[in-house]
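Participant: Could you put the whole structure together from the sequences, leaning on the hints where they help?
Taken in order, these protein sequences are the chains called A and B. Take any residue in the first sequence, count from 1 to its spot, add 20: that is its number in my numbering. Take any residue in the second sequence, count from 1 to its spot, add 1117: that is its number in my numbering.
In short, the hints are calculated from the structure, not lab data. Watch out, some of these pointers could steer you wrong.
Computed cross-link-like contacts, SDA-like style, restricted to lysine to any residue with a CA-CA straight-line distance of at most 20 Å [claimed, not checked]:
#1 B/Lys1471 <-> B/Ala1512
#2 B/Lys1382 <-> A/Gln115
#3 A/Lys37 <-> B/Val1702
#4 A/Lys37 <-> B/Lys1382
#5 B/Lys1618 <-> A/Leu44
#6 B/Lys1618 <-> A/Thr48
#7 B/Lys1350 <-> A/Leu75
#8 A/Lys37 <-> B/Lys1479
#9 B/Lys1618 <-> A/Trp39
#10 B/Lys1479 <-> B/Trp1468
#11 B/Lys1618 <-> A/Ser42
#12 A/Lys37 <-> B/Ala1512
#13 A/Lys37 <-> B/Trp1468
#14 B/Lys1618 <-> A/Ile64
#15 B/Lys1382 <-> A/Ile64
#16 B/Lys1618 <-> A/Arg43
#17 B/Lys1618 <-> A/Glu30
#18 B/Lys1382 <-> A/Tyr68
#19 B/Lys1618 <-> A/Gln46
#20 B/Lys1618 <-> A/Leu75
#21 A/Lys37 <-> B/Lys1350
#22 A/Lys37 <-> B/Val1612
#23 A/Lys37 <-> B/Lys1471
#24 B/Lys1350 <-> A/Val73
#25 B/Lys1350 <-> A/Pro33
#26 B/Lys1618 <-> A/His31
#27 B/Lys1618 <-> A/Pro33
#28 A/Lys37 <-> B/Lys1618
#29 B/Lys1618 <-> A/Val73
#30 A/Lys37 <-> B/Phe1616
Note that the coordinates shown come from a computational prediction; the quantities given were computed from them, not determined experimentally.
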Amino acid sequence: MAAPVEHPEEHLPERHKAWYWSRLVQVTSVFFVLWTVIAIWWHIPAPYAWRNVLLFGNMPLHWYLAAFISIWVGVLLIFVYHWVMEGVDNQLRAQALADWEELPEDVRMSLRLAGVTPSGAQR
Amino acid sequence: MRIHPEVYRVLLPAVAGYVLLILIAAALFGPRVASAWMVIGSILMYIAIAYVARGTTADAMYVAERRIPPVVNGAATAADWMSAASFLSMAGAIALLGYDGLPYIIGWTLGYTIHAFFIAPYVRKSHTWTVPDLVETRAGGYGPARVIAVIMLFITSLTYLTAQLVGAGVVFSRFLGIPAQIGVFGALFGMGIYAASGGWKSITWTQFAQYIVLIVAYLGAALIVASIVGIWKPLPWFGYGELIQALQAREAQAGLPAWTTPFAKPLGGAAGQLNWILSALLLMLGTIGLPHILMRSYTTPTASAARLSVGWALVFIGLLYCTAPMYAAMARYAFSGLWGKPIAEVQNVPWVAKFLPTGLVKINDANGDGILQAAEFTFHGDIVVIGMPDMWNLAWWVAPFVAVGGLAAALSTADGLLMVMVTGITRDIYHRFINPNVPEHVEIRMTRVLVMVLSVAASFLAFLAIQDPRFALYVALLVGWAFVFAAASFTPAVVLGTFWKRLNRYGIVWGMVAGMATALPYVLAVGVFQAPPLSLFGQPIGTIGWGVVAFAVNLVVSVVVSLLTEPEGEAVMRFVDRMRLPELVRVPAVAGASQEADGQQR
Chain A
21 MAAPVEHPEE
31 HLPERHKAWY
41 WSRLVQVTSV
51 FFVLWTVIAI
61 WWHIPAPYAW
71 RNVLLFGNMP
81 LHWYLAAFIS
91 IWVGVLLIFV
101 YHWVMEGVDN
111 QLRAQALADW
121 EELPEDVRMS
131 LRLAGVTPSG
141 AQR
Chain B
1118 MRIHPEVYRV
1128 LLPAVAGYVL
1138 LILIAAALFG
1148 PRVASAWMVI
1158 GSILMYIAIA
1168 YVARGTTADA
1178 MYVAERRIPP
1188 VVNGAATAAD
1198 WMSAASFLSM
1208 AGAIALLGYD
1218 GLPYIIGWTL
1228 GYTIHAFFIA
1238 PYVRKSHTWT
1248 VPDLVETRAG
1258 GYGPARVIAV
1268 IMLFITSLTY
1278 LTAQLVGAGV
1288 VFSRFLGIPA
1298 QIGVFGALFG
1308 MGIYAASGGW
1318 KSITWTQFAQ
1328 YIVLIVAYLG
1338 AALIVASIVG
1348 IWKPLPWFGY
1358 GELIQALQAR
1368 EAQAGLPAWT
1378 TPFAKPLGGA
1388 AGQLNWILSA
1398 LLLMLGTIGL
1408 PHILMRSYTT
1418 PTASAARLSV
1428 GWALVFIGLL
1438 YCTAPMYAAM
1448 ARYAFSGLWG
1458 KPIAEVQNVP
1468 WVAKFLPTGL
1478 VKINDANGDG
1488 ILQAAEFTFH
1498 GDIVVIGMPD
1508 MWNLAWWVAP
1518 FVAVGGLAAA
1528 LSTADGLLMV
1538 MVTGITRDIY
1548 HRFINPNVPE
1558 HVEIRMTRVL
1568 VMVLSVAASF
1578 LAFLAIQDPR
1588 FALYVALLVG
1598 WAFVFAAASF
1608 TPAVVLGTFW
1618 KRLNRYGIVW
1628 GMVAGMATAL
1638 PYVLAVGVFQ
1648 APPLSLFGQP
1658 IGTIGWGVVA
1668 FAVNLVVSVV
1678 VSLLTEPEGE
1688 AVMRFVDRMR
1698 LPELVRVPAV
1708 AGASQEADGQ
1718 QR
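Facilitator: Structure representation (structure tokens):
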């Protein structure tokens, strides 16, 4: 009888691994570009063009608001990225279950022991 | 969200007991005794939390049983991250540097965004135990990679720890009236005992409590002063524009350049826009390579939880960092109110009289006219936060509460640093190279003893730093450079290790060596020996900004050396796959379901 495996995801079919990684790289690349906007490009015009822009009761835009905006957009990016990646992770899990018969016997047994079944339900 | 049982079992009784005793002390013995209890009692509260939450297994000691919920882990990461420098000194740096200090604000926050993209989930998913363990496993079990990683870890962590203890010693001395040299050993007492009691599990729950204490203290004082100054329009974070305009009008009248003028002051030995941007970028890259921050990804149940916990960490950090410039503006406004007054009158202003003997403010009547000119009043950055309650004449309990917050910030960071160094010795050197069959209980006992030994060693270094101003200067410089070293060593290795399978052991080792060889001589030459900074695109680059160059050198050398040498074998490819792929089995955040699987690797 086959022994359970420690990390079942390592034994997924190669096409599933390749699909997941290419989706991850796509998503991460988009978010990385957005990050460069708030971390770098956003601050280049700040000391010059925005110096005389006064907001919220005469706060100079270049001074602190630029940093404030970039920090909280940075927070937002993490939560949105997490939400998008959760979707991608779940798609991979669904694909694995859809191709249940392709998984090696020891992997299927490990998943069953953890309560994961071909119907997709996890105890 | 399900509330973790430790919150009921540990945190609530400890906090309730602490507050109750403050009230009793204030009612029975008055403000002086109550203030002392606030400081000492906070340490006892942390010890109580650490003791109740203690663990007795290697799982608990090294990775907090890998079951800390994301919000708690985020708060613990924030406390781990926000040191005495963040709490006590950053607002002061903004007050002194103005616009040129802002790289600290964005650099020490936006790194977390790329941490969530490129680092946290993969570190957790690696199922390794420590950062050097991760580096060695990725290098195909190549021992020298682990040894170099441990050396880098000590370079970045020991100086940082020394600075935390200096900060804690200063808080002790100012609020308990004991010499700072003795204060550092007081900090050792608290830190060593609770770190020794249960490793990362104790530290995590203690850091969670410390975060709550430090953020309430920091925001509390700022928001009370904001109401006095009248900047709740509608929230103080957006309402202090008029304060800045009034301050700049006073500065113009005194013949000073406006405080918010860009590129007026040097950062890391150079001024200019390119240096400003590179410095901010380096602080981001360094943040995600610091071992005590990387370590926090191991303590969550899943890779997904590790990613989410980074988001919470940045929320918690952002609250403090967005308040620091407000502190700076309110302090400078208070200082500017003294200009033009007779010096004899200024010296009798209560908060000035209190802080003149400490050297945090200085008055020098250079022209001898008996009137305080703007340039005749100078201040140390630390007064901005520590002195805020006195500057605005707040209630007696606010100042000691701010001190308790500063102490929490220093101790929480010190714990994390202490544990990664101890783990570096026990797990990465002793267990790996000297005695791989060491029984778990012996390893745990060894860890506890080493926590105390390293606490004493770091306290002694802090003692030296307080005794000798030159030594203190080098410690302060090294703390800034810790980010340079982290970005030049760990960050490229961890990111490339996940995203590029072709990276091999030689690429990792030579990349780290080349990165450090690029960073170290420059920071020594410009930072210590005062050599003129080099220029890029016609703009001078300071020691901090130079770290980006060292980071790039590490990347290039890692790639070139890897391409010129043999790729890693099947085991490493499977390890990288494991890091990249999410768990097929979802692990609950509270129950210790991950223990079994992870325990098999011990």
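Participant: Now tell me if each hint is right for this structure.
Facilitator: Now the hints, each set against the structure:
1. Taking the CA atoms of B/Lys1471 and B/Ala1512, the gap is about 16 Å. The hint holds against a cut of 20 Å.
2. Straight-line distance between C-alpha atoms of B/Lys1382 and A/Gln115 comes to about 57 Å, which puts the hinted pair past the 20 Å bound.
3. With a CA separation close to 16 Å, the supplied pair A/Lys37 and B/Val1702 stays within the 20 Å bound.
4. Proposed proximity of A/Lys37 and B/Lys1382 is contradicted: the alpha carbons are some 51 Å apart, above 20 Å.
5. Restraint check: the Cα-Cα separation between B/Lys1618 and A/Leu44 comes to about 15 Å, which is no more than 20 Å; the hinted pair holds.
6. Only pairs whose Cα atoms come within 20 Å are accepted, and B/Lys1618 paired with A/Thr48 is accepted, the gap being roughly 17 Å.
7. As the CA atoms of B/Lys1350 and A/Leu75 are separated by approximately 12 Å, the hinted pair is consistent with the 20 Å bound.
8. Only pairs whose Cα atoms come within 20 Å are accepted, and A/Lys37 paired with B/Lys1479 is rejected, the gap being roughly 64 Å.
9. The suggested pairing of B/Lys1618 with A/Trp39 holds, with an alpha-carbon distance near 16 Å, which does not exceed 20 Å.
10. A C-alpha spacing of about 12 Å is found between B/Lys1479 and B/Trp1468, which places the hinted pair at or below 20 Å, so the restraint holds.
11. Proximity of B/Lys1618 to A/Ser42 is assessed by CA-CA distance (about 14 Å); at most 20 Å being required, the pair is judged to hold.
12. The straight-line distance between the Cα atoms of A/Lys37 and B/Ala1512 is roughly 61 Å, outside the 20 Å bound, and the hint therefore fails.
13. Of the supplied pair hints, the one linking A/Lys37 and B/Trp1468 is violated, its CA atoms being roughly 64 Å apart against a limit of 20 Å.
14. This hinted pair does not check out: B/Lys1618 and A/Ile64 have alpha carbons roughly 35 Å apart, beyond 20 Å.
15. The hinted pair formed by B/Lys1382 and A/Ile64 meets the criterion: a straight-line CA distance of about 18 Å does not exceed 20 Å.
16. As the CA atoms of B/Lys1618 and A/Arg43 are separated by approximately 17 Å, the hinted pair is consistent with the 20 Å bound.
17. Our distance criterion of 20 Å between C-alpha atoms is met by B/Lys1618 and A/Glu30, whose separation comes to about 15 Å.
18. Between B/Lys1382 and A/Tyr68, the direct Cα distance comes to roughly 16 Å. Compliance with the 20 Å bound is thereby established for this hinted pair.
19. Pair hint B/Lys1618 plus A/Gln46 holds up; C-alpha atoms about 17 Å apart against a cutoff of 20 Å.
20. With a C-alpha separation of about 48 Å, the suggested pair B/Lys1618 and A/Leu75 falls outside the 20 Å cut-off, and the hint is violated.
21. With a CA separation close to 53 Å, the supplied pair A/Lys37 and B/Lys1350 exceeds the 20 Å bound.
22. Distance restraint check for A/Lys37 and B/Val1612: the Cα-Cα separation of roughly 19 Å lies within the 20 Å cut-off, and the hinted pair is therefore satisfied.
23. Restraint check for A/Lys37 and B/Lys1471: not satisfied, since their Cα atoms lie roughly 65 Å apart, outside the 20 Å limit.
24. Between B/Lys1350 and A/Val73 the CA atoms are separated by roughly 18 Å; this keeps the pair inside 20 Å, and the hint holds.
25. A threshold of 20 Å between alpha carbons decides the hint, and for B/Lys1350 with A/Pro33 the separation of about 58 Å lies outside it, so the pair is violated.
26. Distance restraint check for B/Lys1618 and A/His31: the Cα-Cα separation of roughly 17 Å lies within the 20 Å cut-off, and the hinted pair is therefore satisfied.
27. A C-alpha spacing of about 18 Å is found between B/Lys1618 and A/Pro33, which places the hinted pair at or below 20 Å, so the restraint holds.
28. Taking the CA atoms of A/Lys37 and B/Lys1618, the gap is about 14 Å. The hint holds against a cut of 20 Å.
29. Only pairs whose Cα atoms come within 20 Å are accepted, and B/Lys1618 paired with A/Val73 is rejected, the gap being roughly 48 Å.
30. Distance hint between A/Lys37 and B/Phe1616 is fulfilled; the C-alpha atoms sit about 14 Å from each other, no more than 20 Å.
In this structure, the hints that do not hold are numbers 2, 4, 8, 12, 13, 14, 20, 21, 23, 25 and 29, in rising order.
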